[in-house]
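J.: Sequence:
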Amino acid sequence: MKYSVDEHGYYGQFGGAYIPEMLHPNVEELKNAYLEIMNEPGFKAEFEDLLRDYVGRPTPLYFAKRLSEKYNTKIYLKREDLNHTGAHKINNTLGQILLAKRLGKKRIIAETGAGQHGVATATVCALMGMDCIVYMGAIDMERQKPNVERMRIMGAEVRPATSGSKTLKDATNEAIRDWINNPVDTHYIIGSVVGPHPYPDMVARFQAIISEEIKWQLKGLTGRENPDHVIACVGGGSNAAGAFYHFLDNEDVNLIAVEAAGLGVNTDKSAATTYLGTPGVLHASRSLLMQTEDGQVVEPYSISAGLDYPGIGPMHAHLFESGRGSFFSATDDEAYEAGIRVSRLEGIIPALETAHAFAVLEQIEFKPDDIVVINLSGRGDKDLQTYIDRGDY
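Residue numbers (my numbering): 4 to 396.
Just so you know, these hints were derived from the structure itself, not from any lab.
Glycine included, each C-beta is placed from N, C-alpha and C at the ideal position.
Honestly, I wouldn't trust all of these hints.
Computed list of lysine-lysine pairs in BS3-like fashion (alpha-carbon distance at most 25 Å, straight line) [said to hold, decoys possible]:
id	residue 1	residue 2
1	272	169
2	222	370
3	34	109
4	34	148
5	34	47
6	109	218
Pair ranges (Cβ atoms, derived) [unchecked claim]:
id	residue 1	residue 2	range
7	69	184	24 to 34 Å
8	228	47	32 to 42 Å
9	43	130	15 to 25 Å
10	183	107	13 to 23 Å
11	47	297	43 to 53 Å
12	38	283	41 to 51 Å
13	183	346	39 to 49 Å
14	167	44	37 to 47 Å
15	69	107	46 to 56 Å
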């Protein structure tokens, strides 16, 4: 079975481009150009130079000795939290802005939930001298205030989404409306492996640097390229797509995705799409999403602003449906406790999104000789107020 995108923009039955007519020229332009541009020697050289000298790649693959002792296995952390801006998001925004420049675009729009993608977009727009508008749910703007101010300091305009749940879904809706109204000069930097083809594939390719580095770093550390397990949190799923990318076709590597269960999958406060979702179209692609019987999107919930999305990317929907990926979920409490545990054992405060990935260590018993790689997708600076508000550490 094939796990990467096909020539029509599908992963199995999921994917495609369900777009309004006004956006057809933009999406077609991108679809026809993205692979050619990404393979140009000049583009590759500029992208690689900036990843090294501006972002700070390669990020370390760190053997977590105390976590490994606690769980009686061999745990390595891919330290995406050490990237400039504090998360994996910069890998994609840097690639997309270089692509947008080559397409002659002058204005950048983006959506953001936790604010990390917004910060990464504002960062690369400042770097390249381009106008930047970031749409963010009004509720997320309150709970991620430091990131809002980071974006503004770098010159971005942050526009609140005040409809619906006032979170990531609604910010995405507003960004798509903007793009429809400004189709000629604007490039929409989508932050996850969602949206119309070619976005899920393009974002996955820019994030694939994560698994590319894991392979050679693991070879140097252990003598083998492939781990037994790769674990990542999943909202839309860009950090997981990057961590899984070079292992998709190697079925000896177990791909473990961890969603946000919120207050529990049996409550109405959850974002565990593979547990609660059904096939449908969300934000211009066919995937799994949380919806009512008549197709209305169900409002998701999570303690982490980056995981309360009512769907997952089509690659992940296909990994779930095909059985290639193992999908778990963690509640708010489990993620919070995992975040504190990692902080105490390794001196690393993870983002609350990432803490969901660590929570699965309590749910799976690994073998002592297993090599387990956890993608530490972001650092917890932005979530300190949430950690503080719970106050039981």
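J.: If a hint holds in the structure, say so; if it doesn't, say that too.
T.: Against the structure, the hints:
Pair hint residue 272 plus residue 169 holds up; C-alpha atoms about 15 Å apart against a cutoff of 25 Å. For the given pair, residue 222 sits about 20 Å from residue 370 by alpha-carbon distance, which is consistent with the 25 Å threshold. Of the supplied pair hints, the one linking residue 34 and residue 109 holds, its CA atoms being roughly 19 Å apart against a limit of 25 Å. With a CA separation close to 35 Å, the supplied pair residue 34 and residue 148 exceeds the 25 Å bound.
Restraint check: the Cα-Cα separation between residue 34 and residue 47 comes to about 18 Å, which is no more than 25 Å; the hinted pair holds. Distance hint between residue 109 and residue 218 is unfulfilled; the C-alpha atoms sit about 37 Å from each other, more than 25 Å. At roughly 52 Å, the beta carbons of residue 69 and residue 184 sit outside the given window of 24 to 34 Å. Judged by the Cβ atoms, the range 32 to 42 Å given for residue 228 and residue 47 is violated: they are separated by roughly 22 Å.
Judged by the Cβ atoms, the range 15 to 25 Å given for residue 43 and residue 130 holds: they are separated by roughly 20 Å. In this structure the hint that residue 183 and residue 107 lie 13 to 23 Å apart at CB holds, the actual value being about 19 Å. For the pair residue 47 and residue 297, the beta carbons lie near 47 Å from each other, so the given range of 43 to 53 Å is met. Residue 38 and residue 283 have their C-beta atoms about 28 Å apart, which leaves the hinted 41 to 51 Å range violated.
Between residue 183 and residue 346 the CB atoms are about 43 Å apart, so this pair conforms to the stated range of 39 to 49 Å. Checked against the hint of 37 to 47 Å, the pair residue 167 and residue 44 passes, with Cβ atoms roughly 44 Å apart. For residue 69 and residue 107, the hinted distance range of 46 to 56 Å is satisfied, since their beta carbons lie about 51 Å from each other.
In summary, the structure is inconsistent with hints 4, 6, 7, 8, 12 from the numbered list given earlier, while agreeing with the others.
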